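As you go down the protein sequences, you meet chains V and U in turn. Going by this note's numbering, the final residue of the first sequence carries number 758, and the count climbs one at a time with no gaps. Going by this note's numbering, the final residue of the second sequence carries number 595, and the count climbs one at a time with no gaps.
Warning: the hint list may mix true and false statements.
List of simulated lysine to aspartate or glutamate pairs, EDC-like, C-alpha gap at most 20 Å [what the hints assert, rightly or not]:
(1) U:LYS72 - U:ASP90
(2) V:LYS150 - U:ASP188
(3) V:LYS153 - U:ASP188
(4) U:LYS112 - U:ASP85
(5) V:LYS253 - U:GLU195
(6) V:LYS153 - U:GLU138
(7) U:LYS384 - V:GLU341
(8) U:LYS418 - V:ASP344
(9) V:LYS547 - V:GLU524
(10) V:LYS150 - U:GLU154
(11) U:LYS133 - U:ASP90
(12) U:LYS135 - U:GLU171
(13) U:LYS450 - V:GLU341
(14) U:LYS135 - U:GLU103
(15) V:LYS153 - U:ASP136
(16) U:LYS102 - U:ASP90
(17) V:LYS150 - U:ASP136
(18) V:LYS77 - V:ASP104
(19) V:LYS531 - V:ASP744
(20) U:LYS135 - U:ASP105
(21) V:LYS142 - U:ASP137
(22) V:LYS150 - U:ASP137
(23) U:LYS418 - V:ASP329
(24) V:LYS253 - U:ASP85
(25) V:LYS253 - U:GLU398
(26) V:LYS253 - U:ASP90
(27) V:LYS150 - V:GLU80
(28) U:LYS191 - V:GLU549
Okay, the calculated beta carbon distance ranges per label pair [claimed, not checked]:
(29) U:ASP231 - V:TYR229: 41 to 47 Å
(30) V:THR399 - U:ASP546: 37 to 43 Å
(31) U:LYS250 - V:ALA544: 43 to 49 Å
(32) V:LYS253 - U:ILE284: 47 to 53 Å
(33) V:ASP111 - U:GLU154: 28 to 34 Å
(34) U:GLN351 - V:PRO383: 51 to 57 Å
Please keep in mind that the hints were generated in silico from the structure rather than gathered at the bench. For clarity, every value in this text was computed on a predicted model and none was experimentally measured. Here a beta-carbon is modelled for each residue, glycine too, at the ideal position from N, C-alpha and C.
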Amino acid sequence: MASVHESLYFNPMMTNGVVHANVFGTRDWVSPYKISLMALLCEMTASKISLPERRRLNKLILPLQQGPDLSLGQFLKTVEECCPQTAYAVKLKLHEMANGELKDMEYFFYDLPNPYIAFDSEAYKTSVVGLFMRHMFLAYDKLSFSQVYKLYKSLQQYYHSHYAKPSDGQVGLPALVADDSDMDLTNPEDAVGDRIDKEELDTPLHESELSRGPLSQKQAEYFLARQAYLLKNDENKALKPAALQEELNNMLKFNPDFAEAHYLNYLNSMRVQDIFLSAHSLLHYFDRLILSGNEGKSNGDEGYGRSLRYAALNLASLHCRFGHYQQADLALQEAIRIAQESNDHVCLQHCLSWLYTLEQTRGSDSTVLTEDSVKMAAHFCLPYLASLGIQSLVQQGATQGKTAHKLMDALKDTDILHWKHSLSELIEISLAQTTSIWRMYGKSTMALQQAQLLLNMSSLEPVNFGVQQNNTEAFAVALCHLAELHAEQVTYLIRSRLSAALPRCCVSISQLLWMLCDLKIQFERHMNEGKYHLAEPLVTAISALNKTEGLYRKAQVLKALNRSTEAYSILQRLQVHCEKTKCTEVVIRVMLSTAELHWESSGFSTALPLLLQALALARQHHLQSLASETILHLAFTQLMLGVPEQALCVLHEACIEPVLAHGAVMDKGRALLLTARCNTLASLPSPHLPAVLLIPISEAAAYFFRLNCKERLRDVHYLQAQLHRSLGQTSQCNKSAMLFRLLDQELQSPAPPVSMRL
Amino acid sequence: MIILFWDQAGNGSDVTPGGRNYLVLTTNKIHFGDLVQIKKQLISVISLCKERGLLHSAKASELAFALDPLPKDELPPSPPFTEEDAQDLDALTLAKSYFDLKEYDRAAYFLKGCCSQKAYFLYMYSRYLSGEKKKDDETVDSLGPLEKGQVRNEALRELRVELSKKHIAGELDGFTLYLYGVVLRKLDLLKEAVEVFVEAIHALPLHWGAWLELSNLVTNIEMLKSLSLPDCWIKDFFMAHMYTELQMIKEALQKYQSLIEAGFSKSTYIISQIAVAYHNIRDIDQALALFNQLREQDPYRIDNMDTFSNLLYVKGMKPNLSYLAHNLVEIDKYRVETCCVIGNYYSLRSQHEKAALYFQRALKLNPRCLGAWTLMGHEYMEMKNTSAAIQAYRHAIEVNKRDYRAWYGLGQTYEILKMPFYCLYYYRKAHQLRPNDSRMLVALGESYEKLSQQVEAKKCYWRAYSVGDVEKMALLKLAKLHEQLNESDDAAQCYMLYIQDIFSCGEQLEHAEVSTALRYLGQYYFKNKLYDEASLCAQRCCDYNDAREEGKALLRQISQVRDQIETPSADLFAPLSNNTPVRRVSPLNLISFTP
């Protein structure tokens, strides 16, 4: 390994075999940038500046202190934006030093306002500025002669590298160009003049917020904390995975003992789903952490015993994320055992919450575990874990068909907890969960409202405080629901607008969610429009993301292409699988599809028990939209069995209203069409059909037109023509017949008997 | 006698119109047997290196020493003197003396205008060394903690620019190409560095330094195969060296053997390399013999003595180790190897604090000394200071990611901390690096066993046995595992193999476990009503203290049962290894394993 830090060459300051990361004891040191910053501070205290300018400068101080070293050009530019006059003064001061002698710099330090004396000034010793100044004084005092000389040299370089360039606006650019050209341009003789170019080669400065130069301990910590925070809260704003990786490698090269960088590396590798690198970094981090945590020297709560437990726990979570459930289980057992041995209840609590997550992902029932976890978490005052447990319980309850009011109550209670502890992440999850639950129950309006609430909620996190947008997983879930809801109402345009809001750089969970949602919408659209050949390739993509969903869609395509046998076998398999994994929604859908297959073979009576079973399931789980769809199917079956009155009765009793209120456009159209047909047949014996019947039909026609569903539109026109004829309205009849004829020609495929389809 | 081809370096050097001294390669192919030629080449290259201040080309002198001396008239003529050389002679002599006094900047200053190749090389080389020296000095008083990692040889970039210009113009000779490669490597431009080193080797195949630098950059066998290297006799040395580095010990030994046969039998370098290779495959006795031979031939040698001490440590030869340690201290006590030897010495005497101290000292002398980090880790493990051990091992890995001992050590540390799942990762890493080392496999198996992953554990143990078990533990563990799982046939088979294995290797190892095996086998045969075999096993059991009572009890039981049936005619006193009963369990085609 070439990049082995040779820092230890002269300084293996080891005690007890442990090399301390910070061998020099000071956390800060003087650099040319710091000197210019001090010059700025000094200028601010000395000269008269107007109030708004001073205010702007004051706001600038903290970011400048915390951020990485900037190049002089960048620094002056930032200052200039606030106060050109001060920037000029700072430049002048630096000019004096850089073009003078060593004594000028020494004089600068000597002449600085002393924070100890100036009691009433802003730079008093306890203020932020004062503290910074004192740090600098201390660091400067510690420098040896050669170090002072070196500092002065680097100050000169710092100053001249800025002015050596013709245009001071673009500092970064010429340095980059120099990389390729200096091989030809320079000759060996002017090696000294060359040196400046070379220096710049080392640090090609980006205009972005960070440079590639070394960061001080504090700056590095700040950088890591910020990136980690962004990764969690708003991935779009964090660096791209490759860039972040490079930055971290750079940091580790300068300071290999910086353990936190390994952890960030782990998080970063998780973003790109790199199991090897992430496992490696995670273990590396904990190996390092064990060292730094050693100062406690106890095996108990602090010290390295603690990090050992969390190391095992983190490993478990890593394996869980990558779907290695058995490995995760083993790691978790280990973490639990160690935690038990050392009586660490908090760690145990974390383990428990992972345990039920693991059980849940493996598809087994973990309600008891989760309940235990919630109880214990509440006992140990861990609000986060407690409400996470409750949310998980709510999710399980929803899939198991618990009554709605109980779930909502539970969510409301946790919401109170969240707001009390301002757990913004959980607030978001809670909102997203409510959206999902409403959606599942088929109350699209409520779902829409909750999704909007989440998306329009001002973030509580300081990273984008008061800004609406926040790219978390909950956010993505809400977005997906919103998109699907809009797609149901045939407003596809919104989809592209929504997708712009999502992070696109890597394969995060949100990204996968969105991809699936997008595919589903496209699929539905193609199916509705009868473009089965377009829908078919999408199935492969869907099954890559979600196997069950993919299978279901495949069966649908096969059904539409009249390959009933294959479709039937797939549906059967799917039903068995889903009954095992308790995906009630899919089970009901599969039953409906199977029933439709039965229709095709005219097995209407065989479809009935299936539909009744589906209805019972839907009712039991309060799945309203699915229930009304089932009823729709049921009514159609009854119609086909020759009892249109019954069908009408069923439709009016339980179906029409919820469908019209909450249903998708497709469902609305189908419901209306069916009603009309039932009405027609029911009143057939009497020769005089009421003209009222025509209204729902034309409404249905409008819906189908919006969907661009030509096949159904054709059916509608056929029925319309029939009705008009029986009403004796010849011209309208002819018009409908012509529309039918046009569509029929366009579709080419022979029209199936009208009666055969819902 | 092997027949190898090599490019003959002409009589010293050739003067090309550009005034460059090249060892021009002709395509004359001679046999290895032509040692006189080789010697001539060595002598001329040694003088070339010496003129250029390349001190570490001593390997060549070592080799030359191993060959028979040449008669006076056979000595190669010194390279012809060119006009340019004559011009630069005074400056060069002056600069060379400054150079020897380590006043590099001064040397460079006086060489600046010179145009001969020799002077140019020395000029560049002294600039490089001056940069390195300054870098080392500045590490002490850098401006801040984070800058310390950033301190770099300032001269490197300038050197690179100049050298690359000359390189493109094709004005570099073998030595300057070598320097260019070093500069590139220091700048972490590894790919370019490899290319330049290969070029340097082509230009001057006899310069061992370039080969050595190249060997540091080759990471795997595929890369090695893809390099186009000149067909020179020195290539065999390189290949052997590379095979050792890449843990392909068998191939390396073969190469070295053929080199010895070709006439380098007196070379201490080859002997030490073979000894190290034997050490790597844990053939301890062979390695020890070679090291002893080496000590006789070259009593003041310090190189490789740390490896020697490792061997003595493993063998537990306290007096020898103590003698070695004292001897080395007398020669030079501030050498990394010396410190390692002393550390091993203290470790063997169970004075682990002192041992750790000496390893620390070794690291102060050279922080990139891999062995010392690992050994220090072992010491801390002994002292139960797990966190410090982890630290030491991590450092070792940082120096060399492929150090399987450090990975294994980390695994052991976590195993001691009772984290069997956690340590799996580390053992797996170690196993990846040494796929045929049974120790890693046994460790993996043990961890799996602790995690109740019996299937994996069984696989590991069986594999450990198949690759040649060093510690002879895998079979026993496998048998016990089968026993636990009530797979009595498999268990019996494994015990039997174990007994055969133990007896066939001849050495008297730990016998406590043989009795366990015998006891189990006795019971097993008894249950299967194979009384002859059972009684035989019971008889053997009585040889061991801990199983005597049970053996007797079993014998009594057998005789009781036999009384009921009839008296058998078993040859109870036949030696076990010939008569191991295998009726139920089919006799296996066993090859007795020698470790």
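Quick rundown of the hints versus the structure:
Between U:LYS72 and U:ASP90, the direct Cα distance comes to roughly 29 Å. Violation of the 20 Å bound is thereby established for this hinted pair. With a C-alpha separation of about 25 Å, the suggested pairing of V:LYS150 with U:ASP188 is violated against the 20 Å cut-off. For the proposed pair V:LYS153 and U:ASP188, the alpha carbon gap of about 26 Å is over 20 Å, so the pair is violated. Among the hinted pairs, U:LYS112 with U:ASP85 is consistent with the structure: their alpha-carbon atoms are about 14 Å apart, no more than 20 Å.
Of the supplied pair hints, the one linking V:LYS253 and U:GLU195 is violated, its CA atoms being roughly 25 Å apart against a limit of 20 Å. With a CA separation close to 14 Å, the supplied pair V:LYS153 and U:GLU138 stays within the 20 Å bound. As the CA atoms of U:LYS384 and V:GLU341 are separated by approximately 19 Å, the hinted pair is consistent with the 20 Å bound. The straight-line distance between the Cα atoms of U:LYS418 and V:ASP344 is roughly 16 Å, inside the 20 Å bound, and the hint therefore holds.
Annotation: proposed proximity of V:LYS547 to V:GLU524 holds, straight-line Cα distance about 17 Å (limit 20 Å). Taking the CA atoms of V:LYS150 and U:GLU154, the gap is about 13 Å. The hint holds against a cut of 20 Å. Taking the CA atoms of U:LYS133 and U:ASP90, the gap is near 26 Å; set against the 20 Å cutoff, the hint is violated. Straight-line distance between C-alpha atoms of U:LYS135 and U:GLU171 comes to about 29 Å, which puts the hinted pair past the 20 Å bound.
Note on U:LYS450 and V:GLU341: the hinted pairing holds, with a Cα-Cα distance of about 17 Å set against a maximum of 20 Å. Taking the CA atoms of U:LYS135 and U:GLU103, the gap is near 15 Å; set against the 20 Å cutoff, the hint holds. Between V:LYS153 and U:ASP136 the alpha-carbon distance is near 19 Å, which keeps this suggested pair within the 20 Å criterion. A threshold of 20 Å between alpha carbons decides the hint, and for U:LYS102 with U:ASP90 the separation of about 18 Å falls inside it, so the pair holds.
As the CA atoms of V:LYS150 and U:ASP136 are separated by approximately 15 Å, the hinted pair is consistent with the 20 Å bound. For the hint linking V:LYS77 to V:ASP104, the alpha-carbon distance of about 24 Å lies beyond 20 Å, and the restraint is violated. At most 20 Å may separate the alpha-carbon atoms for a hinted pair to count; V:LYS531 and V:ASP744 meet this at roughly 15 Å. A hinted pair counts as satisfied when its Cα atoms are at most 20 Å apart, and U:LYS135 with U:ASP105 qualifies at roughly 14 Å.
Using a Cα cut-off of 20 Å, the hinted pair V:LYS142 and U:ASP137 holds, with the two alpha carbons roughly 18 Å apart. Distance restraint check for V:LYS150 and U:ASP137: the Cα-Cα separation of roughly 13 Å lies within the 20 Å cut-off, and the hinted pair is therefore satisfied. For a cut-off of 20 Å, the pair hint linking U:LYS418 to V:ASP329 stands: about 16 Å separates their Cα positions. Between V:LYS253 and U:ASP85, the direct Cα distance comes to roughly 44 Å. Violation of the 20 Å bound is thereby established for this hinted pair.
Our distance criterion of 20 Å between C-alpha atoms is met by V:LYS253 and U:GLU398, whose separation comes to about 11 Å. As the CA atoms of V:LYS253 and U:ASP90 are separated by approximately 45 Å, the hinted pair breaks the 20 Å bound. A hinted pair counts as satisfied when its Cα atoms are at most 20 Å apart, and V:LYS150 with V:GLU80 does not qualify at roughly 29 Å. Of the supplied pair hints, the one linking U:LYS191 and V:GLU549 is violated, its CA atoms being roughly 48 Å apart against a limit of 20 Å.
Taking 41 to 47 Å as the suggested C-beta distance range, the pair U:ASP231 and V:TYR229 does not conform, at roughly 60 Å. A beta carbon spacing of about 60 Å between V:THR399 and U:ASP546 contradicts the range 37 to 43 Å that was offered as a hint. Taking the beta carbon of each, U:LYS250 and V:ALA544 are about 46 Å apart, inside 43 to 49 Å as hinted. Range check, V:LYS253 to U:ILE284: about 40 Å between beta-carbon atoms, so the 47 to 53 Å window is missed.
V:ASP111 and U:GLU154 have their C-beta atoms about 32 Å apart, which keeps the hinted 28 to 34 Å range intact. The hint said 51 to 57 Å for the Cβ distance between U:GLN351 and V:PRO383, and at roughly 53 Å that hint holds.
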